[in-house]
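**Student:** Got chain X sorted already, so can you dock chains U and S onto it with the hints?
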Amino acid sequence: MCPFANLFLGVRAHVKPERYTVKLKNVAAVGTLALVTAIALSSCSSPSSTPAPSKTPAVDLSSLTGTLTSGGSSAQANAQAAWTSAFTAQATGVTINYDKSQGSGGGVTNWLSGSYDFAGTDSSLKPDQVTSAETTCGAGGGIDLPVYLSGVAIIFNLPGVTKLNLDSATIAKIFSKKITTWNDPAIVALNSGVTLPAEKITPVVRSDGSGTTANFTTYLSDTQPSLWTYPVSTAWPVTGESAQQGGSGVVSTVAAGKGTIGYADQSSVGTAAKAAIQLGTTGTTFVEYSATGATKAFVDAATTTPTSAKGDLSQTIAYAKITSSGAYPIPLLSYDVICSTFKDAAQAKLAKAYIGFIETATGQAVAAKNAGSAPLPAAILADAQTSLKLVK
Amino acid sequence: MTAPSSTRSSVPRGPIVNSLKSGQLPRFIEGITLGVVLLVSAGVFALIGFSIVGWLVVSAIVYLLAIGIMSSLVENRRKATDRVIRGLVTVAFLLALIPLVSTLLTVIIRGIGVVNWQFITTTTSHVFNPTTLTVTTTTGALQAIVGTLIITGIAALISIPIGILTAIYLVEYALPTQWMARTVTFLVDVMTGIPSIVAGLFAFSLFSLLFGPKAFSGFSAAVALSVLMIPIVVRSSEEMLKLVSMELREASYALGVSKFLTITKVVLPTAIAGLITGVMLAIARVVGETAPIFMAASFTDNFNANPFNGPMQTLPVMAYTGYKFPGNDIQASIDSAWGAALLLIILVVILNLIARIVARVFAPKGLR
Amino acid sequence: MSEPPASPSEPQGYNGAGQTTRTIATNGRPGASNGSARSGRAKSRPADRIFLGLSTGAAASIMVILAGVALFLIVQSIPAISADWHTSASLNSGPTANQASFWTYVAPLVWGTVFVSALALIMGTPVAIGIALFISHYAPRRVAGVLGYLVDLLAAVPSIVFGLWGILVIRPFLLPLETWLNHNLGWFPLFSGQASATGSTLFAGAVVLAVMILPIITSISREIFLQTPRLHEEAALALGATKWEMIKLSVFPYARSGVVSATLLGLGRALGETMAIALIVSPSLIFSLKILTDGENSQTVAANIALNFPISDTLQRQALIGTGLILFVISLAVNLVARVIVTRTSPGAKGRKAKRDIAQLPPSDPSTVLALDDASRSPVDFLERDGVSKS
Numbered sequence: 001m002c003p004f005a006n007l008f009l010g011v012r013a014h015v016k017p018e019r020y021t022v023k024l025k026n027v028a029a030v031g032t033l034a035l036v037t038a039i040a041l042s043s044c045s046s047p048s049s050t051p052a053p054s055k056t057p058a059v060d061l062s063s064l065t066g067t068l069t070s071g072g073s074s075a076q077a078n079a080q081a082a083w084t085s086a087f088t089a090q091a092t093g094v095t096i097n098y099d100k101s102q103g104s105g106g107g108v109t110n111w112l113s114g115s116y117d118f119a120g121t122d123s124s125l126k127p128d129q130v131t132s133a134e135t136t137c138g139a140g141g142g143i144d145l146p147v148y149l150s151g152v153a154i155i156f157n158l159p160g161v162t163k164l165n166l167d168s169a170t171i172a173k174i175f176s177k178k179i180t181t182w183n184d185p186a187i188v189a190l191n192s193g194v195t196l197p198a199e200k201i202t203p204v205v206r207s208d209g210s211g212t213t214a215n216f217t218t219y220l221s222d223t224q225p226s227l228w229t230y231p232v233s234t235a236w237p238v239t240g241e242s243a244q245q246g247g248s249g250v251v252s253t254v255a256a257g258k259g260t261i262g263y264a265d266q267s268s269v270g271t272a273a274k275a276a277i278q279l280g281t282t283g284t285t286f287v288e289y290s291a292t293g294a295t296k297a298f299v300d301a302a303t304t305t306p307t308s309a310k311g312d313l314s315q316t317i318a319y320a321k322i323t324s325s326g327a328y329p330i331p332l333l334s335y336d337v338i339c340s341t342f343k344d345a346a347q348a349k350l351a352k353a354y355i356g357f358i359e360t361a362t363g364q365a366v367a368a369k370n371a372g373s374a375p376l377p378a379a380i381l382a383d384a385q386t387s388l389k390l391v392k
Numbered sequence: 001m002t003a004p005s006s007t008r009s010s011v012p013r014g015p016i017v018n019s020l021k022s023g024q025l026p027r028f029i030e031g032i033t034l035g036v037v038l039l040v041s042a043g044v045f046a047l048i049g050f051s052i053v054g055w056l057v058v059s060a061i062v063y064l065l066a067i068g069i070m071s072s073l074v075e076n077r078r079k080a081t082d083r084v085i086r087g088l089v090t091v092a093f094l095l096a097l098i099p100l101v102s103t104l105l106t107v108i109i110r111g112i113g114v115v116n117w118q119f120i121t122t123t124t125s126h127v128f129n130p131t132t133l134t135v136t137t138t139t140g141a142l143q144a145i146v147g148t149l150i151i152t153g154i155a156a157l158i159s160i161p162i163g164i165l166t167a168i169y170l171v172e173y174a175l176p177t178q179w180m181a182r183t184v185t186f187l188v189d190v191m192t193g194i195p196s197i198v199a200g201l202f203a204f205s206l207f208s209l210l211f212g213p214k215a216f217s218g219f220s221a222a223v224a225l226s227v228l229m230i231p232i233v234v235r236s237s238e239e240m241l242k243l244v245s246m247e248l249r250e251a252s253y254a255l256g257v258s259k260f261l262t263i264t265k266v267v268l269p270t271a272i273a274g275l276i277t278g279v280m281l282a283i284a285r286v287v288g289e290t291a292p293i294f295m296a297a298s299f300t301d302n303f304n305a306n307p308f309n310g311p312m313q314t315l316p317v318m319a320y321t322g323y324k325f326p327g328n329d330i331q332a333s334i335d336s337a338w339g340a341a342l343l344l345i346i347l348v349v350i351l352n353l354i355a356r357i358v359a360r361v362f363a364p365k366g367l368r
Numbered sequence: 001m002s003e004p005p006a007s008p009s010e011p012q013g014y015n016g017a018g019q020t021t022r023t024i025a026t027n028g029r030p031g032a033s034n035g036s037a038r039s040g041r042a043k044s045r046p047a048d049r050i051f052l053g054l055s056t057g058a059a060a061s062i063m064v065i066l067a068g069v070a071l072f073l074i075v076q077s078i079p080a081i082s083a084d085w086h087t088s089a090s091l092n093s094g095p096t097a098n099q100a101s102f103w104t105y106v107a108p109l110v111w112g113t114v115f116v117s118a119l120a121l122i123m124g125t126p127v128a129i130g131i132a133l134f135i136s137h138y139a140p141r142r143v144a145g146v147l148g149y150l151v152d153l154l155a156a157v158p159s160i161v162f163g164l165w166g167i168l169v170i171r172p173f174l175l176p177l178e179t180w181l182n183h184n185l186g187w188f189p190l191f192s193g194q195a196s197a198t199g200s201t202l203f204a205g206a207v208v209l210a211v212m213i214l215p216i217i218t219s220i221s222r223e224i225f226l227q228t229p230r231l232h233e234e235a236a237l238a239l240g241a242t243k244w245e246m247i248k249l250s251v252f253p254y255a256r257s258g259v260v261s262a263t264l265l266g267l268g269r270a271l272g273e274t275m276a277i278a279l280i281v282s283p284s285l286i287f288s289l290k291i292l293t294d295g296e297n298s299q300t301v302a303a304n305i306a307l308n309f310p311i312s313d314t315l316q317r318q319a320l321i322g323t324g325l326i327l328f329v330i331s332l333a334v335n336l337v338a339r340v341i342v343t344r345t346s347p348g349a350k351g352r353k354a355k356r357d358i359a360q361l362p363p364s365d366p367s368t369v370l371a372l373d374d375a376s377r378s379p380v381d382f383l384e385r386d387g388v389s390k391s
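Protein chains in written order, with our numbering: chain X, 1 to 392; chain U, 1 to 368; chain S, 1 to 391.
With the rest of the complex left out, here is chain X:
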């Protein structure tokens, strides 16, 4: 009935005696293992129907005490807040601080210097970071675990227009200033039945370095390599456009302006009008963001391309491969990075319990409900649980 549970039980049966022989004294580790398994078990029952309350044995969680210090990506900040309150509702002795102001770079830098127990980042570790992670964490290095899935929304403000269809070529041309008016034939062709004014297009982009920008530029260069000749970058590569600080800056500027168009993490766009984006590079299917759409896109396009660290789950997203019906063309993925071997066993126990909770269907449902994210597919969650087991 639940293959993952069996898998976990199987693993547990194998690992448990080993643990006893190797780390006879470390009862705590076994406790955590049991806990992780329990969460995995409980998660199995929930994915489709309304998520049942977590059946996690309260004893295990409530026996945890300590503080997790973390930070990084602001994209997953709201999800982290939701996870933290859901987790600490049971693990009352645990305090989790997630510093969203640090950004992905700050998170990884602080984690590499040992300041953080885990870091949230919008891009998996780069080769040089993998190397320095080996100095920080020991030979095992650090591992990337996907935790947060969302999408980049294209928002616009055009009086009288509430629905807008765009394809990747048009988006690339608009954001590289090749299309400058709303009634450009390319846009009109995609939007039959919509009266587009002769208004000037004002693209609104991010002025600060951001994972959202990296995602968006990757999407453009993956799908339109000939049109989009700018580099893939965390910093917006085109000069001469209205650049605003933070996703909130983009959203509020788009809302305040006229004829504006911008991109932002869909969870932060609020009531702004979102464009529907063409699925693939041809055809007439236009998809608006939906959580299931993002999950479908992840299934379509993401492949695990691990770094040298064992258990690493870095993903490569090939945007051009997103073709399933209903899949949203611009998904956005965010990771948590942890050491494969913690310096401090107590912190390892806390981090494993916390991220173990995130990587369950329950955890994903909490984020979906409270942060507007899309749940990660079950397969990757199972992989993550396997990886977490390697963490000491």
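Bear in mind the hints are in silico, worked out from the structure with no lab data behind them.
All residues carry an ideal CB built from backbone N, CA and C; glycine is no exception.
Honestly, I wouldn't trust all of these hints.
What the hints assert, rightly or not - Once the Cα atoms are required to be at most 35 Å apart in a straight line, the calculated DSBU-like pairs of lysine-lysine come out as:
| hint | chain 1 | residue 1 | chain 2 | residue 2 |
| --- | --- | --- | --- | --- |
| 1 | U | K242 | S | K248 |
| 2 | U | K214 | X | K126 |
| 3 | U | K242 | S | K243 |
| 4 | X | K310 | X | K258 |
| 5 | X | K369 | U | K214 |
| 6 | U | K214 | X | K343 |
| 7 | X | K321 | X | K163 |
| 8 | X | K310 | U | K214 |
| 9 | X | K177 | X | K343 |
| 10 | X | K258 | X | K369 |
Said to hold, decoys possible - To spell it out: a stretch of chain U is covered by chain S in this simulated footprint if at least three of its residues, at any positions, have a beta carbon under 8 Å from a beta carbon of chain S; those stretches are:
| hint | region |
| --- | --- |
| 11 | 25 to 33 |
| 12 | 69 to 78 |
| 13 | 85 to 94 |
| 14 | 166 to 172 |
| 15 | 202 to 215 |
| 16 | 278 to 285 |
| 17 | 331 to 344 |
Claimed, not checked - So the derived label-pair ranges between C-beta atoms look like this:
| hint | chain 1 | residue 1 | chain 2 | residue 2 | range |
| --- | --- | --- | --- | --- | --- |
| 18 | U | T132 | X | A318 | 32 to 38 Å |
| 19 | U | L149 | S | V329 | 33 to 39 Å |
| 20 | X | T92 | U | F186 | 42 to 48 Å |
| 21 | S | V329 | X | K310 | 45 to 51 Å |
| 22 | X | L390 | U | T132 | 33 to 39 Å |
| 23 | X | T303 | U | F186 | 56 to 62 Å |
**Tutor:** This is chains U and S only, laid out in the frame that chain X set:
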């Protein structure tokens, strides 16, 4: 030009004698002209569509022209210039009031709906409902208020003694020609130019060097703020100590009072009002810092009153994160940002008022 | 030392003449032996020595702190400054991409910083001096104190609040003016280019910066204007000068160097301002004179650090800290220039001499009494700390 002699030589060139004979505008002409101009331009703007800004700008220009022309016709060019400059200076002042009033009004209007007793006395709390999986967030500012007071308090405790003692050294002990005095004066000026984010990085690096990587603490943020605050305290205190009359010191020395007692019993009490004002301005300046707090104290929504362990939140950080990283309920986050901004301004005003009162209490009688 | 003791009947503890030029030897201890210029001539007491040590220590600690910060900046930025920007994978991505070297990266930032600060100074300084004059010479005495407090309150508004206010109020407020300037004066380089549709212009940033430096320039200028010797003013008025002529002839020459240093202090604040600029201006890494466009505004050093620091990896961060070092050097240079200007143009020595002259007038003269009254409140020239040596 400064010496009285040069003043004397340059003034009589003009037609001074004539000015006594020339006509004079009636005494209240300025007020009357202003009123007439305001009314007339209001009438004109009522016809073409009213705009407060346009009305005020046009009125100001028309008034300056009118008073200048009238005065140069009836009086003379010198008096006309004088009246126009008087108008210009007043306009400059009113111009400066606009941003002040506008800022305060914006913050108060946006923040007043959020700030209430509950906002001030509770910590931001998240309640998780395990059945529906929803997290209900109630925003509170207690953790930020406490963090602000602790971090700024420690920064003040570090900066005020160092700052005032340095000022005493510069004014009372060192000769301005001495290398150390010159160096310190110069370095203090340079210190005012340290970008605040650099101060935060410096403090965090220093503390991770000393106490290991997990050095996030309110104390290290306070050190970062001190780096920013010390030069402001030194500069203002130095000026205030210099304003203390040399005769007072000399009188004290003449009575055989030691230097230490002269400084503590004569110089400092005389300058206390100015010193406190300067210190308060310095506090007001650093209490609104955001970047160094991020760098050195990280960020948290949790209550933490221990400055030596763990991240802390402050009001400016709360305002900034509320705006830049809104939660799921975007409007609520932005509201809480304005609430934090309003609390911050209230805090600064309270500090200023306390400073004024303290200054008045401690100032020796008869000096102010 | 050569002077005989003032009086044999004087108690042993008599402690010298403070800061007068006379030296009174009491116990033959050589002056300045303990590093202090003035306290060595008397028998030192423990409290004196401890206090001297404390204040010297405090002054020394400033050197230590600043040396620490400078060392930190240099050590942190050297890897990025010396790195090969063509081959480094890290420096070729993200915020530092497409740069030939550290210097080509920092140059437009320096330009932007100086440019926006200069704009803010041009807009802010005349208004600030106007306010200072209004408070010191035009407003009724009783009102002046309250007005001064109001302007000081402006100094206390945190920069994050100014940033939020700039986005919400100033941006839309200035938009019509910007469009008008662009349409009608577009031939002028500053106003050229594609007018902004969002209001995130360098002009809006400069206006907010100008507001932020107003109180700094005003409060210092006001103090200096108030210190103009009353005798100068009355002499001018007595000769029939109008109020403005009096100000031009007696107040401005006296206050000139003080106002210059106040302006430069304001410039220092403008150079380092981070959050307000980062929130309001829509920047690009370019050299640009345009102030009314959306994306062709030059970026400033401090805002660039704040915007890109979070996402940057280690080497990119070091590059950003390197730009911080450059900003540090700029503010050092500004201070040096300020010092030179103040000493060169300062009428300080002359002014002081004038004051001496006043003090030597017979005390029965009522205006001398007034001037002395003024002088006793502010006996030490405001400019003295700026390097004008005491006689």
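**Student:** State for each hint whether it applies.
**Tutor:** Verification of the supplied hints:
no. : hint                         : result
1   : U:K242 to S:K248             : holds, 26 Å
2   : U:K214 to X:K126             : holds, 23 Å
3   : U:K242 to S:K243             : holds, 29 Å
4   : X:K310 to X:K258             : violated, 50 Å
5   : X:K369 to U:K214             : holds, 32 Å
6   : U:K214 to X:K343             : holds, 13 Å
7   : X:K321 to X:K163             : holds, 25 Å
8   : X:K310 to U:K214             : holds, 26 Å
9   : X:K177 to X:K343             : violated, 50 Å
10  : X:K258 to X:K369             : holds, 32 Å
11  : 25 to 33                     : violated (count 0)
12  : 69 to 78                     : violated (count 1)
13  : 85 to 94                     : holds (count 8)
14  : 166 to 172                   : holds (count 5)
15  : 202 to 215                   : holds (count 3)
16  : 278 to 285                   : holds (count 3)
17  : 331 to 344                   : holds (count 4)
18  : U:T132 to X:A318: 32 to 38 Å : holds, 37 Å
19  : U:L149 to S:V329: 33 to 39 Å : holds, 36 Å
20  : X:T92 to U:F186: 42 to 48 Å  : violated, 55 Å
21  : S:V329 to X:K310: 45 to 51 Å : holds, 47 Å
22  : X:L390 to U:T132: 33 to 39 Å : holds, 34 Å
23  : X:T303 to U:F186: 56 to 62 Å : holds, 60 Å
Hints 4, 9, 11, 12, 20 from the list above are not met by this structure, while the remaining hints are.
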